[in-house]
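Asks: Which chain is which? The protein sequence lines are A, B and C, in order. Final position of the first sequence in full-length UniProt numbering is 289; the numbers increase by one with none missing. Final position of the second sequence in full-length UniProt numbering is 235; the numbers increase by one with none missing. Final position of the third sequence in full-length UniProt numbering is 334; the numbers increase by one with none missing.
It is worth saying that the hints were derived from the structure and are not from the lab. All figures in this text were calculated on a predicted structure; none of them were measured in a lab. Treat the hints with care, as some may be off.
As the list claims (entries may be wrong) - Heads up, incomplete: computed chain A residues facing chain B, CB under 7 Å, no partners named: (1) Leu143; (2) Ala168; (3) Ala171; (4) Asp174; (5) Asp175; (6) Arg176; (7) Ala178; (8) Ala180; (9) Met182; (10) Ile184; (11) Arg187; (12) Gly191; (13) Asp215.
What the hints assert, rightly or not - Now the in silico label distances, taken between C-beta atoms and shown as ranges: (14) B:Gly184 <-> A:Gly89: 39 to 49 Å; (15) B:Ser136 <-> A:Gly89: 46 to 56 Å; (16) B:Ala125 <-> A:Ser212: 20 to 30 Å; (17) A:Ala217 <-> B:Pro109: 23 to 33 Å; (18) C:Arg218 <-> B:Gly232: 14 to 24 Å.
Don't be surprised by glycine CBs; every beta carbon is placed ideally from N, CA and C.
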Amino acid sequence: MSWVNAVVQGILLGGLYALVAAGLSLVFGVMRIVNLAHGVLAVLAAFGAYVLGDTLGLHPFLALLVVVPVMAAVGYGLQRGLLNRALGGGELAPLLVTFGLAVVLQNALLEAFSADSRRLDLGSLGTASIPVTDGLAVGVFPLLAAVTGVVVIAAIGQFLARTATGRAMRATSDDRDAAALMGIDGRHLYGVATAIALATVAIAGVFLGARSTFDPAAGGTTLIFAFEAVVIGGLGSLWGTLLGGVVLGVAQAVGAAVDPAYGVLAGHVVFLVVLATRPRGLLPSAVTA
Amino acid sequence: MSALLEVDAVDVSYGDAQALFGLSVTVAEGETLAVIGANGAGKSTLLKTVAGVVRPRRGDVRLDGASLSGVPAHRRVGRGIAMSPEGRRLFPSLTVEENLLVGAHSRRPGPWALDAVYALFPLVAERRARSAANLSGGEQQAVAIGRALMANPRLLLLDEVSLGLAPVVVAQLYAALPQITAQGTTVLVVEQDVHQALAVADRVQCLLEGRTVLEGPADRVDTAALSAAYFGVDA
Amino acid sequence: MTAVAQRPAAVRVRRGGRAAWAGAGLAVVVVAVLGYLPLLTTRGTQVQLVGLFSLVVLGTMWNLLAGYGGMVSIGQQAYIGIGGYGLVYLASTVGVDPFLAVPVAAVVCAVVAWPISYLAFRLAGGYFAIGTWVIAEVVRLLVTQVDALGAGSGASLTGFAGLEPTYRIAYVYWMSLGIVVLVVGGVYLLMRSRLGLALTAIRDEPTAAGSLGVAVTRAKRLVYVAAAAGCGLAGAMVVANTLRVQPGSAFSVDYSAMMIFIVVIGGIGTIEGPIIGALVFYALQDSLADLGNWYLVVVGVVAIAVTLLAPRGLWGLTRGRVELFPTGYRTGSR
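Isolated chain A (complex conformation) (with noise of 0.2 Å):
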């Protein structure tokens, strides 16, 4: 039986990884930029909805309607005041300048918050579960975050899809200059990319805070774990992510039922045979990204 539930316990985990991971395929799909402070921002976010918890008591889920835009605002003026101009200077400056900005952000949690592992509270929820069969239940948060991670995903899919800001995007990844003269504003719209990258890794990293604990440092395996599932799945594929997010979950709960020390390690194990056997992943998107 705790084989099935490790398997279930990675599905679900895998919803918030690939929701980590959806927002560094956007913005990398749009702006051909991997954000290398993507991770770090999900950590930031956590600690946003900690101190509003703290100082305010704000249960975790009201604290969401403070941190999501806050950290879609913070998207838009970093991608205006700091990315759009490292875009500009060749294609080491943006992945310097991202990693320069995780190693501020992180540093700077530090200094405010210390080393401490924290946990969000979320009260009864945290511990509220759905008895499947004898000795399997499903934990109310988990599904919940799962849910939230697919629903998040298909959002993020149907506006790519269907709305004009979406196809817009999908024009300006495409031919940047071609869409300027379609009236397409390019830096804002890169804006309006990272804002909403943003704001689904802000989702993710109350959601990853509320599940266990978390700390300043968290940032990098964060980064990694979303840069696993868009790899595993294939890269510009959504659904191939929420794949590879679902795929690393539960390599990493199943390794972990082995020996806890094996958890993370399986994960990349898993990682590097996709990379060595299928390297454009699982399921590879018809246009390339």
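Starting from the structure of chain A, add chains B and C where the hints point.
Replies: Frame of chain A; chains B and C shown alone:
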């Protein structure tokens, strides 16, 4: 007729290489002007300058008397300048219909919408759900023109419509031009194909190495003088 | 054209010039003075200087990867750790002389890096960067599973037993100085070779370089493997200096942060840049030590500002007027 577009003595350079030398071009409201010239004459640079893709070092571009200096390319669409760029530049990961819809991004009101473009180019209507990457050259050009029309421009810029296309296809595309100008749209077309240009334009202006060497009404231009101007030899 | 040249102007192709001779002279003097230092300074100073030397080596290696090879890696700590652990294992467990174990550890890094490159090169750009980090994490997690390497708590270097501390420290110092000369000189010679020319071509225009027959992947692989060996040397150097290796610090991503800042602040794509960057970083580290983590915040902000405002770094502020170690050619009419 008042001037809709005035390009006033512009110098344009790419790095050290100067492409336009004090070039002036005026297009009246409702007029169709063909700018012709050999490769490297500066025709495309002229269109890019009007569209805001390149900035002139000297001189000014005015639309309806208002200077466009400092107005970026994406804002010029809202003012009524739309371009079908050289090489079509369709968005390959979008469908034909999505390409057209992107053209309407600035939401200028006017006669052009999906059904009007489909009526103008019935072939495009048939391909509406197809990926823009899987079209023939002529179809791509029709979509590119339709995409520019979706912005309901006052001034339509057409860059090298004939490039790489069979003459019969070029003729089909230009056959649509009267229906466009019938809506009052002003057209600035850049062409290497002189006969096609003379057939569709009210007026023609010939460039050589970034300067005007000949201009006049399309129906009264002397072909010998024109070909001399085109190739830069003394007639 | 008013005048037509009778014949093409004679073109002289040259490299460097007076500054390069001055640079070579300066390098010899600096190395000679540094080599003499153990006879004049305390052991503490020498230990500190070895720390600085390791920064120079790390910066130079990261510059080789990113500045010349166009590969942004945030996983070189994999090889720093393997170099450090390799030294400890060879010297303490196998019983190899530590001074021999250092180059052997570097060779081990190269041997490990070769197959890994096949995996890492499946990713490009930013995804390559994170991929290298994952690989470093895998190595770290594997090492913490091995009891013979001290698992999670690390191991000590005991191979120097019998050597008096004064001599040990001086020998490690000289070895480290030798490694700096080897690594900096090696990159200099590499960049002046045909491979260096190919790398410049790849960095500036990979597609064109590929079609011109430059074996892009092979050149990059060679750089990746060489950088792994160099980082292994640095890792072994650090452990020979501190006598201790721990998985958490030897495989820490902070090394990548350090390397990137050194190269960015000093000036990417030059031989001199990483040396200057290492000096600046070392000075900052020393003077901002009281600030705790704020010091990394400051360094990070400086690196972002340099990337955006002065992308050629401190050395770039000389605007290429001075090239102490010229790797490119200049052409000019006589």
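Asks: Next step is simple, just say for each hint if it's right about the structure.
Replies: These are the hints, each one checked on the structure:
For A:Leu143, the interface hint is violated, the least distance from its beta-carbon to any beta-carbon of chain B being 35 Å, above 7 Å. Here the hint on A:Ala168 is kept, as its CB sits about 6 Å from the closest CB of chain B, short of 7 Å. Nearest Cβ of chain B to the Cβ of A:Ala171: about 4 Å, under the 7 Å cut. The hint holds. Annotation: interface hint on A:Asp174 holds; nearest CB of chain B at approximately 4 Å, less than 7 Å.
Given hint, A:Asp175 at the interface with chain B, holds; its Cβ is 6 Å from that chain's nearest Cβ, closer than 7 Å. Proximity of A:Arg176 to chain B is violated relative to the hint, the smallest CB-CB distance being about 10 Å (cut-off 7 Å). The closest approach between the C-beta of A:Ala178 and any C-beta of chain B is roughly 4 Å, which is under the 7 Å cut-off, so the hint is satisfied. Because the beta carbon of A:Ala180 sits about 4 Å from the nearest beta carbon in chain B, less than 7 Å, this interface hint is met.
Nearest Cβ of chain B to the Cβ of A:Met182: about 5 Å, under the 7 Å cut. The hint holds. About 5 Å separates the beta-carbon of A:Ile184 from the nearest beta-carbon of chain B, less than 7 Å, and the hint is met. With a cut of 7 Å, the hint placing A:Arg187 at the interface with chain B is violated, because the nearest CB-to-CB distance is about 9 Å. With a least beta-carbon distance of about 14 Å to chain B, the hint placing A:Gly191 at the interface is violated under the 7 Å criterion.
Hint status for A:Asp215: violated, given a least beta-carbon distance of 40 Å to chain B, over 7 Å. For B:Gly184 paired with A:Gly89, a C-beta distance near 45 Å keeps the hint of 39 to 49 Å intact. Against the hinted window of 46 to 56 Å, the Cβ-Cβ separation of B:Ser136 and A:Gly89 comes to about 39 Å, which falls outside the hint. In this structure the supplied range 20 to 30 Å is violated for B:Ala125 paired with A:Ser212, their Cβ-Cβ distance being about 55 Å.
Separated by about 55 Å at the C-beta atoms, A:Ala217 and B:Pro109 break the suggested range of 23 to 33 Å. The hinted range of 14 to 24 Å is not satisfied by C:Arg218 and B:Gly232, whose Cβ atoms lie roughly 49 Å apart.
Hint check: violations occur at hints 1, 6, 11, 12, 13, 15, 16, 17, 18; the rest are consistent with the structure.
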